[in-house]
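Q: Join the two chains into one complex using the hints; note that each chain is given alone, in its own frame.
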Amino acid sequence: MNAAVQNFLGRHPGVVRLGVVVLILIAWESAARWFIDPLFIAPPSRVVASLGTVLRTPGVPAALRLTFFELAVAFAIAVVIGLTLGLAVGLSPFARRSTMPIILLLYGMPQITILPLFILYFGIGAPSKIAFGVTHGIFPIIVTIVAGVQNLKPILLTSARSMGASRWQILRWVIFPHMVPSFFAGMRLAMTGVLLGVLLAELYVSTAGIGHFTTMFTDSFDPTKLFGLIAMLAAMAIMLNETVRRVEIRFSRWR
Amino acid sequence: MTRRAERTQRIGSRAVQAGFLLVLLVLWYLATNRWGVNRLLLPNPVAVWHQFVDVLRSGEYLPDLRVTLTELAVAFVLAVTSGALAGYFVSRTRYAIRVFEPLFAGIYSIPIILFLPLYVLFFGLGPASKIVLGTTIGFFPIVLSTIAGFGGVDRALVTAARSMGASDYQLFRYVLMPAALPVILSGLRLGFTVALLSIIGSETIASLAGLGHHIVELAEGMDMARMFAYIAFVAAIAALLNGAVSLLEARGSRWI
Chain A
4 MNAAVQNFLG RHPGVVRLGV VVLILIAWES AARWFIDPLF IAPPSRVVAS
54 LGTVLRTPGV PAALRLTFFE LAVAFAIAVV IGLTLGLAVG LSPFARRSTM
104 PIILLLYGMP QITILPLFIL YFGIGAPSKI AFGVTHGIFP IIVTIVAGVQ
154 NLKPILLTSA RSMGASRWQI LRWVIFPHMV PSFFAGMRLA MTGVLLGVLL
204 AELYVSTAGI GHFTTMFTDS FDPTKLFGLI AMLAAMAIML NETVRRVEIR
254 FSRWR
Chain B
2 MTRRAERTQR IGSRAVQAGF LLVLLVLWYL ATNRWGVNRL LLPNPVAVWH
52 QFVDVLRSGE YLPDLRVTLT ELAVAFVLAV TSGALAGYFV SRTRYAIRVF
102 EPLFAGIYSI PIILFLPLYV LFFGLGPASK IVLGTTIGFF PIVLSTIAGF
152 GGVDRALVTA ARSMGASDYQ LFRYVLMPAA LPVILSGLRL GFTVALLSII
202 GSETIASLAG LGHHIVELAE GMDMARMFAY IAFVAAIAAL LNGAVSLLEA
252 RGSRWI
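As given, the protein sequences belong to chains A and B, one line each in that order.
Residues in the first sequence are numbered consecutively from 4, following the numbering used here.
Residues in the second sequence are numbered consecutively from 2, following the numbering used here.
To be clear, the hints were calculated from the coordinates, so they are not data collected in a lab.
Where a beta carbon is used, it is the ideal one built from N, C-alpha and C, also for glycine.
Do not rely on the hints blindly, as some may be mistaken.
Sample of chain B residues at the chain A side, in silico, Cβ under 8 Å [claimed, not checked]: (1) 10; (2) 13; (3) 17; (4) 114; (5) 115; (6) 118; (7) 119; (8) 122; (9) 205; (10) 216; (11) 235; (12) 240; (13) 241.
Derived DEER-like restraints, expressed as beta-carbon distance ranges [stated by the list, open to error]: (14) 8(A) <-> 125(B): 28 to 36 Å; (15) 126(A) <-> 158(B): 57 to 65 Å; (16) 26(A) <-> 86(B): 17 to 25 Å; (17) 158(B) <-> 150(A): 30 to 38 Å; (18) 38(A) <-> 78(B): 24 to 32 Å; (19) 164(B) <-> 75(A): 51 to 59 Å.
This is chain B alone, in the form it adopts within the complex (with noise of 0.2 Å):
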C-alpha cells in the first residue's frame, strides 16, 4: 500500500469513530426530546452534561472519592506487600514453584467476589470489608506475576553471575530483578485494575460511602440524569488511574 493510501485509510477510520459518537450522541437526543422515550429510563444529554458540569463544580465527589482513593491505595499496598513477598519465596526453588503455583492460580480461577459477603460479615459494611477485598483480589495476579518473572530467569545467567563471584545482593539487583521486573510489573497494573473494580464494585452492593456507593444512592433516588453524570465522572477517574499506572509500568521497565 502506498503511504497516501495509507492516510487516507486512517484519515477514513477516524471519520467513521468520529461518525459513530456523533450518531450516538443525537439518537440519544433525538430520543429524548422527539421520541418521547422516559426521562426515568434515559436523562437528556443537555441535562446530563449540566450536571456533569455541576458535579465537578461543586465538589461534592470530595468525600466519595476519598473513601475510595484511600481504600484502593491501602488495598494496593497491602496486596503488593504479601503478593511480592509470597511470590518472591515461592520462587526461590523450582519445587516450590510446582507445589505453590497450581494453588494460587486454581484460587484465582474462582470469582473472588463471591467472597464479599463473608467480608461483610466479618469487617463491617465500612471501608474495611473493602480492602481486604481488594487485597485478596489483587493479591492473586501479582503472586502469579512474580513467580513467574522470578522463576523465568534464565538459570544460565544465574549461574554464570555465581560463578564470576556476585554476591546475593548483586545476583538480585543486576541479575534477577532486571529480568523480572517487565512481567512483575504488568502483574502489579493488572492487580491494580482488578482491585480497582472490586473496590468499585463491593461499594455498589454493600457499603456506607464511596463512589460506587453514590451511584447507587442517586439511582435509588432516581436522579437520572445526575446518575449519568456521576458514571461518566468515576469512569473518568478510572480511565485516569488506569492510564497513570500503563504510564507507570511503561517507566518502571525501563528505569532498571
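Okay, chain A solo, but in the shape it has when bound (with noise of 0.2 Å):
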C-alpha cells in the first residue's frame, strides 16, 4: 500500500505540487481568519466569495474590459512595427551593426522614469497605456527576430539565390520559415513586456481605469475586493500569457 501510493506520486509530481498549494492556501487562510487584522488581509475563501460583488461594483467591469483592450491592441500594434522593424535591421548586415547599439541602448533603458511623460503626451486614457505596453512589447520583438535572421545559414540564401529564386522568393521560402521559431519566442517575450507596460500605466493613473479602484479600495481598507481585482487580472495575465505559449509551441513543431 505505502510503497503503491510512493509510486503514484513518483510518477505524478503534479499531485505533490498541488498539496503544497492546497497547503499555503490554507496557511494563508487561517493566517487571515485568526491572526492577522482583516484591516489587511482576507482569507481566500472571502475573495473567492467576493469576486461577484467586485465584479458588481459600478465601473469595475468596464475598466477591466478596457484594459484587455489596451492589451490586445499594445500587443498587435508592437508586433506589427517590431516585425517590421527586426526585419528592416535584421536583413542587412550593415543595418544590423549600425543600428542594434541604439537599439540595445534603448532596450536597457528603465522605461518606467518616462511613464510621465507617456501621461503628458497621450492623456490618462487608453492611448498612454497602449503606447506604453508598445514601447514595452516592441524591443524583445526587434531583437529576436534580429537574432532569428541572423542565424540563417548563408549556404541557404547562396544556393537558393544560385537556383534563380527571385528577392521575394527568398523572402517567402527561405527566410519565413527559418523565423517562425524566434518570431514566436518573441511573441511571448513581448506579451511578457506588454503586460509590464500596461499594467504599469494602468496602476500610475489613480483617477481612472485600474489604477482608480486600487487605489480606492486600498484607502476605504477593502482588502477583499482588492485581492478580488488583482486576482482577475492575475488570471487575465495568466490566460494571455498562456495563450502566446500554446500558439508558439503548435508552431515551432513544423520542422
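A: Right, here's the structure in full:
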C-alpha cells in the first residue's frame, strides 16, 4: 500500500505540487482568519466569495474590459512594428551593425522613468497605456527577430540565389520559415513586456481605470475586493501568456 | 571580406550611429526653438543640459538616491538569500525539482507588479513596500537559475567525485559550485536588474521618497526641463548599476 502510494506520487509530481498549493492556501486562510488584522488581509475563501461583488461594483467590468482591449491593441501594434523593424534591421548586415547598439541601448533603459511623459503626451485614457505597452513590447521582438535572421545559414541563401530565386521568393520560402521559431519566442517575450507596460500605466493613473479602483480599495481598507480585482487581472495575464505560449509550441513544431 | 573593407564598414556604422544622435539633437533643438513646440511638452535641449548640470552640482538628488539604493540593497540581499537557499534545497533531489520548478516558473509568468497595491496596503507607502516588491520580483529569476544551475550538473561528475571519496564540502566546493556558478550568476544579474526596475517603478506609482518619486513630483509641477534632466540622471544611474553588475558577473564566473 505504502509502496503503491510512493510509486504513484513518484510518477505524478503534479499531485504533490497541488498539495503544496493547497497547504499554502490553508496557511493563508488560517493566518487571515485568526492572526492578522482583517483590515489588511482577506482569507482566500472570502476573496472567492466576493468576486461577484467586485464585478458588480460600478465601473469595474468596464475597467477590466478596457484593460483587456489595451493589452490586445498594444500587443498587435508591438508585433507589427517590431516585425517590420526587426526584418529591416536584421536583413542587412550594415543596418544591423549600425542600429543594433542604439536599439540595445534603448532596450536597456528603465522605461518606467518616462511614464509621466507618456501620460502628459497621451492623456490618462487608453492611448497612453497602449503606447507604454507598445514601447515595452517592441524591443524583445526586434531583438529576437534580428537574432533569428542572423542565425540563417548563409549557404541556404546562396543556394536559393544560385537556383535563381527572386528576392521575394527568398523572403517567402527561405527566410520566413526559418524565422518562425524566433518570431514566436519574440511574441512570448513581447506579451510579457506589454503586460508590464500596460499594467504599470494602469496602476500609475489613479484617477481612472484599474488604478482608480486599486487606490480606492486600498484607501478604504477593503482587502477582500482588492485581492479579488488583482486575482482577476492575474487570471487575465495568465490566460494571455498561456495563449501565446500554446501558439508558440504549436508553430515551432513545423520542422 | 578583406580587412580594409571590414574597417570601412565599421567606420560607416559608427558614422550612422553618430549621425542618428546628431539628427535627433538638431531636430529637438529646431522643434523647440524654431517650430514653436510647446515648452510644456518638449523643453529646450539647452535648458535641459543646464538643469542636468545643476542637478549634478547641487547634490539635491542625494536623499532620494540614498532611499532608492537602500531599498535596492536590502531587497537584493533578501532576494539572493531566499532565492539561492530555496533553489539549492529544491535542487537536492530530482523529484523536488519536478514538484517545485513548474510552480516557481508559473508564478514568475504573472506580472508581479500587480501585487504592488496589496503591498502598499500591508506595508504602507514607505520603503517597506518597495523592498518587499523588489524582493518578490528578484526572487524568481534567482531561484529558477539556482535550480537550473545545480540541477544541471552532470551526474557523472558527482558520482566520480563521490567514488574518489570527496566529502560533502569538497563535492560542493569543487564540483557543484564551479559547474553551477555561471548559470546562478546570470540569474543574480537578472534578479538585480528587475529588482531595480520594480523599485523605481513602485516609487513612481505610490511612494513618499526616492528617485522615481522625484520624477513624478517634477512631472506634477510641470517643471519639464528639470524632469528631463532628472530622467537622464536616473537612466544613467541605472545604466551604471547594471554595468557594474554585468562586470561582476563576468569576474565571478572566472573566479571559482
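Q: All hints, please: hold or fail.
A: Verification of the supplied hints:
1. 10: holds (6 Å)
2. 13: It holds, given that the least Cβ distance between residue 13(B) and chain A is near 7 Å, below 8 Å.
3. 17: holds (4 Å)
4. 114: holds (6 Å)
5. 115: Holds - the Cβ of residue 115(B) comes within 8 Å of chain A, reaching about 5 Å at its closest.
6. 118: holds (4 Å)
7. 119: holds (6 Å)
8. 122: holds (5 Å)
9. 205: holds (6 Å)
10. 216: holds (6 Å)
11. 235: At 5 Å from the nearest chain A Cβ, residue 235(B) passes the 8 Å test, so the hint holds.
12. 240: This interface hint holds because 7 Å falls under the 8 Å limit.
13. 241: violated (12 Å)
14. 8(A) <-> 125(B): 28 to 36 Å: Violated, at about 47 Å.
15. 126(A) <-> 158(B): 57 to 65 Å: With a Cβ separation near 59 Å, residue 126(A) and residue 158(B) satisfy 57 to 65 Å, so the hint holds.
16. 26(A) <-> 86(B): 17 to 25 Å: holds (19 Å)
17. 158(B) <-> 150(A): 30 to 38 Å: holds (31 Å)
18. 38(A) <-> 78(B): 24 to 32 Å: holds (27 Å)
19. 164(B) <-> 75(A): 51 to 59 Å: Taking Cβ atoms as reference, residue 164(B) and residue 75(A) lie about 58 Å apart, which means the hint holds.
Of the hints listed earlier, those the structure fails to meet are numbers 13 and 14, in rising order.
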